[in-house]
Amino acid sequence: MCGIVGLYLKDPSLEPRLGELFEPMLLAMADRGPDSAGFAIYGDEVPSDQLKFTLQSAEPGYDWEGLVTAMERDLGGQLDWFRNATAVVIKTDSGEERVREWLAGNAPAVSLMSVGHSIEILKGVGHPRLVADRFSLSGMQGSHIIGHTRMATESAVSMEGSHPFTTGLDLCLVHNGSLSNHNRLRLELERQGMTFETENDSEVAAAYLTWKLREGETLTQALESAIQDLDGFYTFTIGTRDGFAVLRDPIACKPAVLAETDAYVAMASEYRALARLPGISGARVWEPEPGRVYVWENAQQASEETGT
Amino acid sequence: MKKLSLAEHSVRELNSALHDPQAMDGGTEWYVSDPDGRHALACGLNDELQVTIDGHAGYYCAGMNQHATVVVNGTVGVGVAENMMSGLVRVRGNASQSAGATGHGGLLVIEGNASARCGISMKGIDIVVGGDVGHMSAFMGQAGRLVVCGDAGEAFGDSIYEARLYVRGQVESLGADCIEKPMRDEHREELRGLLAHAGMDFDPSEFRRYGSARELYNFHVDNAGIEQGDSHE
Numbered sequence: 001m002c003g004i005v006g007l008y009l010k011d012p013s014l015e016p017r018l019g020e021l022f023e024p025m026l027l028a029m030a031d032r033g034p035d036s037a038g039f040a041i042y043g044d045e046v047p048s049d050q051l052k053f054t055l056q057s058a059e060p061g062y063d064w065e066g067l068v069t070a071m072e073r074d075l076g077g078q079l080d081w082f083r084n085a086t087a088v089v090i091k092t093d094s095g096e097e098r099v100r101e102w103l104a105g106n107a108p109a110v111s112l113m114s115v116g117h118s119i120e121i122l123k124g125v126g127h128p129r130l131v132a133d134r135f136s137l138s139g140m141q142g143s144h145i146i147g148h149t150r151m152a153t154e155s156a157v158s159m160e161g162s163h164p165f166t167t168g169l170d171l172c173l174v175h176n177g178s179l180s181n182h183n184r185l186r187l188e189l190e191r192q193g194m195t196f197e198t199e200n201d202s203e204v205a206a207a208y209l210t211w212k213l214r215e216g217e218t219l220t221q222a223l224e225s226a227i228q229d230l231d232g233f234y235t236f237t238i239g240t241r242d243g244f245a246v247l248r249d250p251i252a253c254k255p256a257v258l259a260e261t262d263a264y265v266a267m268a269s270e271y272r273a274l275a276r277l278p279g280i281s282g283a284r285v286w287e288p289e290p291g292r293v294y295v296w297e298n299a300q301q302a303s304e305e306t307g308t
Numbered sequence: 001m002k003k004l005s006l007a008e009h010s011v012r013e014l015n016s017a018l019h020d021p022q023a024m025d026g027g028t029e030w031y032v033s034d035p036d037g038r039h040a041l042a043c044g045l046n047d048e049l050q051v052t053i054d055g056h057a058g059y060y061c062a063g064m065n066q067h068a069t070v071v072v073n074g075t076v077g078v079g080v081a082e083n084m085m086s087g088l089v090r091v092r093g094n095a096s097q098s099a100g101a102t103g104h105g106g107l108l109v110i111e112g113n114a115s116a117r118c119g120i121s122m123k124g125i126d127i128v129v130g131g132d133v134g135h136m137s138a139f140m141g142q143a144g145r146l147v148v149c150g151d152a153g154e155a156f157g158d159s160i161y162e163a164r165l166y167v168r169g170q171v172e173s174l175g176a177d178c179i180e181k182p183m184r185d186e187h188r189e190e191l192r193g194l195l196a197h198a199g200m201d202f203d204p205s206e207f208r209r210y211g212s213a214r215e216l217y218n219f220h221v222d223n224a225g226i227e228q229g230d231s232h233e
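Chains as they are written, first to last, in full-length UniProt numbering: chain A, 1 to 308; chain B, 1 to 233.
So that you can see chain B by itself, here it is in the shape it has in the complex (with noise of 0.2 angstroms):
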């Protein structure tokens, strides 16, 4: 396994190591210690590395993410796997704001509670949040699974288009267009599946399914096509 010490480090010598070509030669294993909340730790890697940070991550740590699976061992500040296309990234303890944003492959797992706007604009990422997500999570999701085994808060899934969201606990409230959908079976299973990756124990028939009621301007065929100007009427 590879060392690196950020009190030894900059955080620029440690994305690159991460970035060279020869990162996975002699091993794939890195660990990184001290981060002290740094920003931008171990972003947009591209290789399949395993990268333990051992301690708190600041902000958009993770991001841009492909094939690489990077564990936090602590909490992690605004914008974890932001953009993530492909991989794994596992916080053992607290997200703050914006996690898995705008992301579009992969599996975020974060063991503890996401705050506000957890999964906002989801691109095809799934995202798993061990105990409660903040309001408006999942806002204009687009595609992926988002699942909450604890609370959400207010506004989920507002604006929402085509993500799946899974909810165990209670949901303050629904976003605009957001309803509750029934569990069938491929959901339960869809869910089992997503719930076993993340290392989860939780029942799939305790939670509840939301998506889109699909009822917002886009969603119309009415409002298709017609660009502004367009004399086709």
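Pulled out of the complex, with its shape left as it was, chain A reads as follows (with noise of 0.2 angstroms):
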């Protein structure tokens, strides 16, 4: 089964409110996803010659200070972090290839959840609730968030197989269905240069984005692609650092519904999610068409093209 929800802001100033407004959107999905949850935010944005990793352990103990400090000594540079519940947020301008290299070799336990200017993956195993307390989600800002409760079927439940997945800057896709060829499109996606951290068919969609935008596509063009090479059932919601998209397969076999004011486009697997958010009574409803691509970029709709 599967929830997604997403909400992109059009007016800055809800900015500040953005995980009140975001949590319930989550927890009204729990029923359709109790066993595990997530959510991609943006914002906090880092000036251009530096990125933000976000970081994750197992580990509850786990001695992020030590590994800051020892990050640190061997990159140098700038660095600057904090920490939220099991995750930590490090801003460095160290580049992304050596973070990585680094980690690889002094933290292999740790998973890296997402790498960008603007995008900090959060996620974890439980009801929605529990993962949504864990990070103090109703506190956050930004300017767009997508989340995800969990109903596996294609692979286990944990916190790697949990949604939204993340394969390039600021890219981050969250899908309710299942790919029938995500393993044939990995090993083509794997000879293009991609890299996979787990054998979910999610991380195989947010990988060919990846590829497609790398390819120099736009959002658009990437989402239409995607229509002729993904088989399968997908609803897929989208957030790029400063874009929004959602799409769904031809034949609509997972639902999904759009809602769109002034102030927000919010986007959810049911309607119950969106009762709660302010205006919502003289929103726009509607349910995306099949196969149509929607794309929200710096808070214009940029197409609702046909892709079949």
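Hints are computed from structural coordinates only; laboratory data are not their basis.
A hint or two may mislead.
Said to hold, decoys possible - Calculated from the model, a selection of chain B residues having no Cβ within reach of chain A, i.e. all distances over 12 angstroms:
{"hint": "1", "residue": "Lys3"}
{"hint": "2", "residue": "Pro21"}
{"hint": "3", "residue": "Gly27"}
{"hint": "4", "residue": "Met85"}
{"hint": "5", "residue": "Ser86"}
{"hint": "6", "residue": "Ser121"}
{"hint": "7", "residue": "Tyr161"}
{"hint": "8", "residue": "Asp185"}
{"hint": "9", "residue": "His197"}
{"hint": "10", "residue": "Gly199"}
{"hint": "11", "residue": "Glu215"}
As the list claims (entries may be wrong) - Covered stretches of chain A, as calculated for chain B (at least 3 residues, CB under 8 angstroms):
{"hint": "12", "stretch": "266-273"}
{"hint": "13", "stretch": "278-292"}
Where a beta carbon is used, it is the ideal one built from N, C-alpha and C, also for glycine.
Fit the two chains together into the complex; they arrive one by one in their own frames, and the hints show the way.
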């Protein structure tokens, strides 16, 4: 089953309330996906010469201070960091390759959840309420956020198997459904140089989009290509540094509802996740059409193209 | 009018109250507020009640309806009025997939758009949609009438048996064994009645009619009545 939710603010004055507006959306979808949950929040941008790395450890008493001190000593440069429960966010100008290499060599048990200028991915096993409380979701600020409540079908219930998935800077994807050609596609993407952390089908969809964007396609073009190349059931919600997109498979096997006002665009598997948003009674509420790409970028709707 | 807020009462309390043999006592009108997309609202009604749901409803709203009139001032999720037997269900906004699925009777009116598989396996229900319908609408329709005042999506009327389909706008494509058929006076008359009953102000002469070509396997007499392993050949 699974539930997916997303909230993209057009009105910057709501940014301090992003977590507070989003938490009820995620929790409303808990009975569609009670086994794990996660979200990707965009905000608190670092300068263009820096990157944010979100790390998580399964070990509650992990010595983050020790890790950061050692990283600072070995890599030098500017480094800032903060801790949020079982995760830390490190902001540094040391570059993605060097940080990845250092982590692989010095902290192999730590999971790298996301890399980007804006994105932070936080996720875990357990009821969505536990995950939201663990990371103090309701107090978070930002411009947009995408979340997932998981009822696993294609791979194990684990932190790594929880959504959102990311495979490139500031890009994330949540998925309701199951892909049938993910093994073959994974092999093809590996030949293109993509790397995978899990056996999960949704990670393949994220990697596919990263690859298409790397090849120079726009988000809209990449999603139109996805309609041709991905086989299976899917409703996707995708986040980029300044964009937000929704795509359903051409048969429309999985549900989705969109709501838009002057202040925000919201997406959910079911309307009841949207019922608490401010101004929802006056919002335009509709079901995204199958096989059609919906993209908002820089607070504007960038496309609503027919993909089939 | 009896009022019930779903912010204060559970869905089960609402449905139990509507099923109560005393539901008709002291007036037949019910007003339900704060639906907030909850599922299975006003299901299985069996009396001549008039129920207004003020807001958006979730899945299977007014399912299995008999005799009652249910009006939703908002959108509805999957399977509104599924398996309706009689009565009237009116949706003032849009409907999600499988609206009126397997309905045997009564009238379902959707003033906005209905998405995929509207009227799937319809068995006698009448459905009038003010806007468009999505792909595979009236799939395996067996009886009843589907009226679309806007456009119809791909594979319209796929594998249809005997339901009658009327479309005012464009049909993206017809499904297997579904063909356009001539509009005769009797059809314009039937359509006029349906539109009037639904409160839609369109001219019946603007519509085209579609139905079964009766070419699929089950329509051939040679295939009738022969069980597997039958030795009477």
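Subject >> Unmet hints by their number, sorted upward, for this structure >> reply: Structure breaks no hint.
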